[in-house]
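Residues per chain, in single letters:
2 protein chains.
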Amino acid sequence: MVRNTQVAAETNAPPITDILARFVAGHASRGWSDAVEREAQRTFYNWLGCAIGAAHHEAADAALAAVKMLEPAPQASVLGRAERVDMASAALINGIASHTFDFDDTHLKTIIHPTGPVASAVLALAEQRGASGRDAVDALVLGIDVACRIGNVMYPDHYDRGWHITGSTGMLGAAAGCARLLRLDTARTAMALGIAASQPVGLREQFGTMTKPFHPGAAARAGLMSALLAHHGFTASPRALEAPRGFVQVVSDKRAWHEVTDELGTRFEISFNTYKPFACGIVIHPSIDACVQLRERGIAPGQVARIELRVHPLVLELTGKKEPRDGLGAKFSVYHGCAAGLIFGRAGEAEFADAIVNRPDVVALRRKVEATADSGVDEAGADVTAVLADGQRVHLRIEHAIGSLQRPLSDAQLDAKFAALVEPVLGAAKAGAIAEKCRALGALPDVHELIAMCRP
Amino acid sequence: MVRNTQVAAETNAPPITDILARFVAGHASRGWSDAVEREAQRTFYNWLGCAIGAAHHEAADAALAAVKMLEPAPQASVLGRAERVDMASAALINGIASHTFDFDDTHLKTIIHPTGPVASAVLALAEQRGASGRDAVDALVLGIDVACRIGNVMYPDHYDRGWHITGSTGMLGAAAGCARLLRLDTARTAMALGIAASQPVGLREQFGTMTKPFHPGAAARAGLMSALLAHHGFTASPRALEAPRGFVQVVSDKRAWHEVTDELGTRFEISFNTYKPFACGIVIHPSIDACVQLRERGIAPGQVARIELRVHPLVLELTGKKEPRDGLGAKFSVYHGCAAGLIFGRAGEAEFADAIVNRPDVVALRRKVEATADSGVDEAGADVTAVLADGQRVHLRIEHAIGSLQRPLSDAQLDAKFAALVEPVLGAAKAGAIAEKCRALGALPDVHELIAMCRP
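Chains A and B, in that order, are what the protein sequence lines are.
Under numbering that gives the first Met the number 0, the residue at position 302 of the first sequence is numbered 301, and the numbers go up by one with no gaps.
Under numbering that gives the first Met the number 0, the residue at position 439 of the second sequence is numbered 438, and the numbers go up by one with no gaps.
This is chain A alone, in the form it adopts within the complex:
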């Protein structure tokens, strides 16, 4: 699920981000020759003429019509908050928030987290239009299908070269979903996909920063805007995805075109979507799962002398942090994950709070975890033995962790996850009512009745 095969990557490049930042922030005002200053004036003047000259071109008309659909703000809700903003901004912010805990969902074939880009865009547009739940669900299924199929075409090469595939296919899913919701015809839907194709978002280098969740948010906004532009007649190449200088060929050397057409309309990629049971990278999940199961067998932390953990070498490479100092560090610590699983029986966002990570019993237990790299254990599995104080050994082998396609979260488990996330923000009563509405989503006459509950 994670590779390090990018060809010819340079690890010793100079720090040009910092160099340019210093230059931009620190260079003296007018710190250049008169010739440069003159060229600056001419450059601006020339540009201004071009901008004014085309002010009434049909491209400007279409773009302005699309932008005007954003006004007057506020028109769409920031989920879980009182603020309402324009729908493009709502798509951005809800997309960011939904991926912030790295707790959302995973299309395992491509490791795309598909719902952030698609649902954030679709729900914001649905709110603005007062769309039905049925229309929103249709848009969601079709949008996710488009994003994940394009992901299937390009994965793993596209991901290996450094794209955060969630944002670099998500704009297509968001555009597709919003085009559907706007009831665009085939030609305009192709334009929406084409406009979106020019706007992939996301680099893997951003992992560990806020720009990681920014990727699905920006993809949602880009896809929504692409659909609005197409709605107003904005044009793109009708071969934007497949042409030699189109999206797929520019960003991937793997181009398995048949992944678009195979069983299109009969096999839906949303069927291969999974929901994260634990608020951390998926490689730790089997180890946490094993410790949760130990707890369910009645083993208490106080009984444990040590935990012998055997995992695929990649797990320790990615999440081998022995002494995390805070929640962010703990997300890269299989040791903390095991401790949380055995002590709390779960590892949601709350179990990655800084205070929990530093609680003495948690620290003590994670230090009892002895992890060994073993390439005989699959990346998706874990081999755990609890050695108790009395010498007893309890062994568990996980082949497929909870949350995998083979062991999907039950509805009850999904309910528990939802409640743990939403109750601290909106309270138990609202959390329960929203869950109810979600179960009937496809039958809601208007998504407003759901969205209104998502504000405090």
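One should not assume that every hint holds.
Have a look at the derived ranges for each label pair, beta carbon to beta carbon [stated by the list, open to error]: (1) A/Lys253 <-> B/Leu107: 31 to 37 angstroms; (2) B/Ser374 <-> A/Ser32: 55 to 61 angstroms; (3) B/Asp261 <-> A/Ala418: 56 to 62 angstroms; (4) A/Gly328 <-> B/Glu378: 37 to 43 angstroms; (5) B/Pro359 <-> A/Lys253: 32 to 38 angstroms; (6) B/His394 <-> A/Gly232: 20 to 26 angstroms; (7) B/Ala354 <-> A/Lys108: 50 to 56 angstroms; (8) A/Leu327 <-> B/Ala81: 44 to 50 angstroms; (9) A/Ala186 <-> B/Glu378: 49 to 55 angstroms; (10) A/Gly232 <-> B/Glu378: 47 to 53 angstroms; (11) A/Ala352 <-> B/Leu107: 22 to 28 angstroms.
Simulated pairs of lysine to aspartate or glutamate, EDC-like, Cα-Cα distance not exceeding 16 angstroms [said to hold, decoys possible]: (12) B/Lys108 <-> B/Asp360; (13) A/Lys108 <-> A/Glu378; (14) B/Lys253 <-> A/Glu9; (15) A/Lys108 <-> A/Glu9; (16) A/Lys253 <-> B/Glu9; (17) A/Lys320 <-> A/Glu369.
Non-contacting residues of chain B with respect to chain A, defined by C-beta distances greater than 10 angstroms in every case (computed) [stated by the list, open to error]: (18) Leu240; (19) Arg305; (20) Leu317.
Read the hints as simulated data drawn from the structure, not as lab findings.
Everything numeric in this text was worked out from a predicted model, so none of it was measured.
All C-beta atoms in this analysis are idealised placements derived from N, C-alpha and C, irrespective of residue type, glycine included.
Dock chain B against the given chain A, drawing on the hints supplied.
This is chain B only, laid out in the frame that chain A set:
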């Protein structure tokens, strides 16, 4: 200046844009199994919990604070029009408009059109903040330097693989310019560049559609938003540009890092910017230039029996359309370019109007142009002989066309270009007054006095 060397491009890919558009637009509502429908509901529900759960995370706070800076709209002007919109939308639309005629400017080392992304973002932000002309010029110079230096690092490989380099470096220039205007410190400027690095815009496949000018517009908006986000503490990788899975390495195999640091702060890339004298692709410019010069020598269209034109083979490959039917087609016709040059002495947007392209004298003259591919003529030159009805031959060889670095547009020629663009939109009096303000740009206490004149 134009290559066709992309490795392993596939020209026979299936039409997946159209296939997916048909699917999204045409698939029946709920045209799937109950299992798919259930997964759609679970997918949405899971996503909603994640979004609400992180509603008060600092990433959501920072993004919302940035978005709130866009309100209340209207806060920035659409140049040449009465409408005012939020500044991000103004950056988008002014960026689109300024590149719509393909008449703006060119950094010849990289064929980046740098001002669209940078000035569109900087001016919109400057208007919102009431910035001085001095601050706007500083932001423009530094922003263009960043975009073009990153272009120098990657050109030509990045362009050859299919990126429209104007939009795929422009977001960095826009972010740099806006960070400067916001007076961000080095650390936050690095964050602005980092956030922007995740958002390259533009595929060459879009050439000939509205999405081509959309690229600088979307890059302007992305860069502006990146600076606003950084201003509010949003984080990105401090090595987003240079890391193995950072921007440059993901989108280019050429990585001439020294192009960032060579003479940084002493050599400014804006010095290598050129302004288009003719509203069409740059390969036709030498031929038009030659015909304008023939006219200046007193040769009238009626005297001409034929025009013998010798050009580099690429010119005919790209612009060999003999009988264009409209203005868009004429932009790809060196024949029309020659006719316009000889008849009108110029080839601005007006000379590419449909009515002009079909005017009998224009049609008659372009049919007298006999073009021959000759690899002995440079791509930047043209060899033209007017054979007159009396048998006289007038020969001209253009080594560097008007508008090149060797023969830059004079201020008077730039004035004429500006007037031709702006007078039809705002009238002669305003066009003259704006030109005056542009000449004093660096000394304006507040850009408002310039921008106010740009509205009808």
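Here is how each hint holds up against the structure:
Distance hint for lysine 253 of chain A and leucine 107 of chain B: a CB-CB separation of about 35 angstroms, consistent with the stated range 31 to 37 angstroms. At about 39 angstroms, the CB distance of serine 374 of chain B to serine 32 of chain A disagrees with the hint of 55 to 61 angstroms. At about 58 angstroms, the beta-carbon gap between aspartate 261 of chain B and alanine 418 of chain A stays in the expected band of 56 to 62 angstroms. Between glycine 328 of chain A and glutamate 378 of chain B the beta carbon distance is about 56 angstroms. The supplied range of 37 to 43 angstroms is therefore violated.
Between proline 359 of chain B and lysine 253 of chain A the CB atoms are about 54 angstroms apart, so this pair departs from the stated range of 32 to 38 angstroms. The hint said 20 to 26 angstroms for the Cβ distance between histidine 394 of chain B and glycine 232 of chain A, and at roughly 47 angstroms that hint is violated. Distance hint check: the CB atoms of alanine 354 of chain B and lysine 108 of chain A are about 55 angstroms apart, consistent with the given range 50 to 56 angstroms. Between leucine 327 of chain A and alanine 81 of chain B the beta carbons are some 49 angstroms apart, a value that agrees with the proposed interval 44 to 50 angstroms.
Between alanine 186 of chain A and glutamate 378 of chain B the CB atoms are about 37 angstroms apart, so this pair departs from the stated range of 49 to 55 angstroms. Between glycine 232 of chain A and glutamate 378 of chain B, the C-beta spacing of about 36 angstroms breaks the proposed range 47 to 53 angstroms. One distance hint, 22 to 28 angstroms for the beta-carbon pair alanine 352 of chain A and leucine 107 of chain B, is violated here, with the actual separation near 55 angstroms. Among the hinted pairs, lysine 108 of chain B with aspartate 360 of chain B is inconsistent with the structure: their alpha-carbon atoms are about 38 angstroms apart, more than 16 angstroms.
For the suggested pair lysine 108 of chain A and glutamate 378 of chain A, the alpha carbons sit about 14 angstroms apart, so the restraint of at most 16 angstroms is met. Distance hint between lysine 253 of chain B and glutamate 9 of chain A is fulfilled; the C-alpha atoms sit about 11 angstroms from each other, no more than 16 angstroms. The hinted pair formed by lysine 108 of chain A and glutamate 9 of chain A fails the criterion: a straight-line CA distance of about 28 angstroms is larger than 16 angstroms. At roughly 11 angstroms between alpha-carbon atoms, lysine 253 of chain A and glutamate 9 of chain B fall within 16 angstroms of each other, so this suggested pair holds.
Between lysine 320 of chain A and glutamate 369 of chain A the CA atoms are separated by roughly 12 angstroms; this keeps the pair inside 16 angstroms, and the hint holds. At roughly 4 angstroms from the closest C-beta of chain A, the C-beta of leucine 240 of chain B falls inside 10 angstroms, breaking its exclusion from the interface. Here arginine 305 of chain B stays apart from chain A, with its beta-carbon at least about 34 angstroms from theirs, past the 10 angstroms limit. For leucine 317 of chain B, the requirement that its beta carbon stay farther than 10 angstroms from each beta carbon of chain A is met, with the minimum near 14 angstroms.
Hints 2, 4, 5, 6, 9, 10, 11, 12, 15 and 18, counting from the list given before, are not met by this structure.
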